[in-house]
Each structure stands twice: as C-alpha cells, then as structure tokens.
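Please build the complex by placing chain D on the supplied structure of chain A, with the hints as guidance.
Residue numbers (the UniProt record's numbering), protein chains in the order written: chain A, 1 to 355; chain D, 1 to 355.
Derived BS3-like pairs (lysine-lysine); straight-line CA-CA distance at most 27 Å:
no.: 1; chain 1: D; residue 1: K275; chain 2: A; residue 2: K170
no.: 2; chain 1: A; residue 1: K346; chain 2: D; residue 2: K346
no.: 3; chain 1: A; residue 1: K321; chain 2: A; residue 2: K93
no.: 4; chain 1: D; residue 1: K85; chain 2: D; residue 2: K170
no.: 5; chain 1: D; residue 1: K170; chain 2: A; residue 2: K275
no.: 6; chain 1: D; residue 1: K275; chain 2: A; residue 2: K19
no.: 7; chain 1: D; residue 1: K346; chain 2: A; residue 2: K200
no.: 8; chain 1: A; residue 1: K170; chain 2: A; residue 2: K19
no.: 9; chain 1: D; residue 1: K19; chain 2: A; residue 2: K275
no.: 10; chain 1: A; residue 1: K275; chain 2: D; residue 2: K164
no.: 11; chain 1: D; residue 1: K275; chain 2: A; residue 2: K164
no.: 12; chain 1: A; residue 1: K346; chain 2: D; residue 2: K200
Just so you know, these hints were derived from the structure itself, not from any lab.
Computed from a prediction, not measured in an experiment: that's the story for all the values here.
The lines below spell out each chain.
2 protein chains.
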Amino acid sequence: MAHSPIRFGIIGCAEIARKVSRAILLAPNATLSAVASRSLHKAVDFAKSNGFPPEAKIYGSYESLLDDPDIDAVYMPLPTTLHLKWAVLIAQKKKHLLMEKPVALNVAEFDEIVRACEENGVQIMDGTMWMHHPRTTKWRSFYKISSALVNSCFTFFTDPDFLKNNIRVKPDLDALGAIGSVGWYAIMSILWAADYELPKTVTALRGAVLNEAGVILDCGASLQWEDGIKATFHCSFLTSLTMNITATGTHGTLHLTDFVIPYQEQEASYTASTKPGFNELVTGWEPLPSEHTVTVDMPQEVCMVREFATLVQNIKKKGAKPDMKWPTISRKTQLVLDAVKASIEKGFEPVEIVN
Amino acid sequence: MAHSPIRFGIIGCAEIARKVSRAILLAPNATLSAVASRSLHKAVDFAKSNGFPPEAKIYGSYESLLDDPDIDAVYMPLPTTLHLKWAVLIAQKKKHLLMEKPVALNVAEFDEIVRACEENGVQIMDGTMWMHHPRTTKWRSFYKISSALVNSCFTFFTDPDFLKNNIRVKPDLDALGAIGSVGWYAIMSILWAADYELPKTVTALRGAVLNEAGVILDCGASLQWEDGIKATFHCSFLTSLTMNITATGTHGTLHLTDFVIPYQEQEASYTASTKPGFNELVTGWEPLPSEHTVTVDMPQEVCMVREFATLVQNIKKKGAKPDMKWPTISRKTQLVLDAVKASIEKGFEPVEIVN
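If we strip away everything but chain A, and leave its shape as in the complex, we get:
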C-alpha cells in the first residue's frame, strides 16, 4: 500500500521557496498544503505564482500555519537569525522540519534545534540540494581514491545594492554572510570528500573581507585532518559565479565545476582521472581523464524533498525513529563554519575542532 503524501507548509516567501515549492509539487510523496507570510497579501501572491493547488491554505502568520493539524512538515526558508526560534517552535508543534542552510548562527544553536526535534520525535534535514543529486551518489564511490587533497569554492558576484541592502550582508538577518550563504556548500563538499571525518584544525586564510557590521563578504580556509588529508576552500560575494570541487587522492582526481547547481537540470557531468600519467615523452596524458554524464529523472531539489518525505513517512507510518544521518552532516558543516569564523576573529590563528 502506498503511503499518503507528506503535507508541506512553507513559512516565509523567500526566493528560494519558489524553487522548493516546485520541488514539493514534483516530488511523488509530497503535497503543497499551505504557505504563511507575515503579510497575507504576500502569501496569496506567492501561492498564486507558484502553482499551489486550489485547496492549499494561505496564512497571514507563521504561528497559524504551525497550528494547522493537516500539516505534516514545514519548510523554513527564514533568515539565519530566526532559525532557532522558529525551528524549535516547529518541532514543539510536532511538525517535521526541512530548513534552509546555514542551519543556525552557530553549533550551540543548532544543538538546541536538534534537541527540540529529538524530544518531539520529528525529522530534521537541511536544504542542501546537491547532496541529493544522483551525480553526488555516483561520484561518491570515488572518494577512497580522491580524498587526500580537496579544493572547493563557491563564489558569486554581487552588485553595490546587494552589498548594501541584501539580507545576506545584515548582521540581524543572515548574519553569517558569504560563509553561510555559499561557504556552507564548499565546507560540506569537503566533508563529503573526506567521508564526513572532521578536520583536526581549521585556519582561515588571510585576506578575509568583512563589511562594517562584521559580516563576512569573502573568506577562505585551510583544513587539516589527523591522517594527512588536507583541504582549502574559498567563498565570496565579490567574485564571479564559480563553484568547483577538485578532490585528489593517491590514485585519482575528480573535477566538478558546477557541484552546487548543475549547469543544466536534465543532466550533470563530472571528470575523473584514474591512475593518470604521461605518455613516454611527457607530451600528453595517458590515460586521458574521462567525462561522465549522469542523466537526471528528477531535479536535485525534488530528490531532496522525496528523501525528506520518505523519512517522514517512515516515522508516521512505520514508527521509525527520525534519521540522524542528515542532521549529523549539517552539524559537522556548522562546526567547521564556526571554526573558520573563530580563526578569522583570532587573527587567522589555527582553531582546533572539538566535537
């Protein structure tokens, strides 16, 4: 017997909620049941322009959506500074929680959120879409040969208006700035390549750029593991859209230049070298790296919603415990992010990761 679909409510009408609304509509085990905004008018508009079904409910406050007994799960695309308050409330209202990243202002806040979810038996997952792309799973099998040295970056160029007015540069909204907005992905990609082992030491790179309010606009860091793995990453609002990961091991190398958002929705590629070398006169490579293309049945954000909804179905219908894999990865990402911030604050001194 097929399980009935998980009924989603969305609190907040951020840009990213448009993409996730579509994903909920497309996911086979999810339905779009409600949207709430502090402005009812805004919620009405959002539902209308994002294909909500006619029976979907529109709320003029987040609280009223959370009190709706016909909502199973809440997608929360709110600014980072609001995460603790609303995530805890969502859990207390026994709603499962799909939340935007970065998950919190710091790991202590995230631990409070996770505790509330555990106490209330609800699933929590963050909205890092690329982790659910079939390419990521496929490419994963390479990590054993490609995790000695990792470089990752995610940057995009913003205009003066963004740098003055966007919520992502405001200390009272998305207070983590570029490291929360884009560095999050780079850090998680490194952890992914390191099979989720935490680094021992994190050292921010000199030259970080902060705005007058102390929000990070551009930074990087060098990470070291006890067993010799090393990584660097860079994130920025100040340079052109770029998202790379290069993972190099003893016997192979992987290259992706669109790891967070693939160039195209229908398919995604990666380049892999296995035991690469040179020809006899060192005038070319033997073997040549190979390019692999993964065809996509479902966009990555749909895969994410489906995965989340499956976990919720397992809890609702099969009495399963909430899955801890995803929040564990979120927490490790936040730990490293916190360490980079701490290293910047300490004048680029190394910071030990204490789990």
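Leaving out everything else, chain D in the frame of chain A:
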C-alpha cells in the same frame, strides 16, 4: 634573408632533455649540434636514441662542450644545486642559456646567474614550456576579468622508490623538492593570472610534508596582493597527477585542468564563463560556460625553443640586447617560492615579499 639556425648544445642527459632535444629538432630556427655527459658512453647513447643529426658532436665533459666555438646556446637540464656553477660558466663562455626550472636554489643565486648573463651579453630563459603554448597567449586576454581569486595546483603521485632515491627528494641535488619540481608551475601560473604583479604576503599552509632531509614533498600557500587579489596553490609528490588553474574575477572565470602539459599535443582546451548567472528559478546556469579549443601547429616546447632561438638570433644578427621579460618572470617565481619556503621554516607565519 633568413637567419641561420641557432646551434644548441645540451649538457646532461636528464629525461627532460629527450623532450627538449625533439623540440630543438622541430624548431625552425634551431639545430641540435652537440650533447655532453660526464660519461661519454651515456652521451653517445643519448644522441643515438634522440635523433641527433650525424654531424652532432658528442662530449664526455660539460666543459669541452662549453669550449666549442660552434655552439651558440646551451640547454641545461642539471639538478638545481648545480645551476649556479654551470649557468655562470655557460654565460662566461658566451653561450646563451636555456635552463631548466627551478632556476636556482634561491633568488640570490638566480641574481648571480642573471648578472653573469648580463655581463656577457647572453640571453637567459627558463624552460617553463606552457608559458609558450598558444592557449596561454589566447587565454591571457581574460586576465583582466579573472584575476581576483586564483587557485592552482600541480601534484603527481610517486612511488616509494622515487621518494627514497629520486634526485628530486635529495638535498644535494634538486633540493627544492616538490615546490621546485611542480610548485614552480603553480606559482608561475598565479603570477601569470595576476599580470606578474608580485603578492605582498605569502603564508604557507599548515600540513606541509618534508622528508627527513628537509626536502619538501608536499606543501601549499596562500598569497595576497595589496589590491585585494588572492590566490592559493598546492604542490605535491604524494597525490595523483593533477594540474589545475581556476582564475576568477568580477566578471568571469577560467578553468584549465591540464595547464602545464595539455592532455594532447595537437590541441588544448579551456573553459571560460563570462558574466555567468542562473536562470530564473536557479535550476541551471545562464549563460553556460563555453569550451574553447586551440589547435596547435607546434608543441609548446617547440614554441619555447623557437622563442628562445629568435631572441638569440636578434642578439647575434641584429645587435639586440638580451630580452629581460623571461628572466624577470623567472625571478618573480623564485621570489615567491623562496617566501613559501621561508614561511614553512617560520612555522607558517606570513612572509612579506621584498623585491
């Protein structure tokens, strides 16, 4: 009237000399006139197996080749610790000098070599081949939009025998280890992307690996410029063959994954994004990056020999002064390399570049 070709002698029969012998044979303005080894037998074998013309001379000592009045220029593929002695002698013998990289153990030694070349009116150039590839020139036009953030790496995996016995891990031979052997290229690629402006500060990344004799096997560094340009690089004998440069600016990004030795000799590619962004729902990129292929008339090492021989012809036949462009780039590369080494020795503290 066509100038007569430049007559090359080679001192030392290193592996790399095979590739350069072929390049001298293929270059339109160069001829392979002599080879010297400390072992006459080795020189005979080398000449035989590398297509030397029958009239080429074979010498059992470097000195005798340098005394040959029918040699215009010497290609010197000797270990780094021997560069100062032999490069100065080559200049004193009024031979033009094409030398392997790294150019010296440190910039003070290189300055002595350059001074000897200047005093004797001979051309000096280092053997960094990729700088002469037509792709490099073409791609160059991008630097203004792509030089805010640069990441470069060159690594290759070596076996236990290499790590024990190869000249590149020996303090009395190629004493600069991985940073001389492969880091040289990564550093020069960063300078290239920065239009040869020197960074202000160089900080080695924690986690450098040195052997018992203190030779670098694996290291990286973070570089900063006064005007906000930033770069990182990594070099290693301990991870799989990888050679990337990603240069990101405000309005564009360049990717190369084979910048030192192109995958194939006949053509070489690069990927460029100009003003990249996302589509409306952020489910793909618009515009997509474009891949550019440069067809090659001559392998890059032949372009290098041709360029060097042209400069020598200009001196010999037109009374031109030795060109200082190439040794200036070599010197800047060595300066940065020295700073990375100094930073490692100082426990990863930042080192200011003083030109």
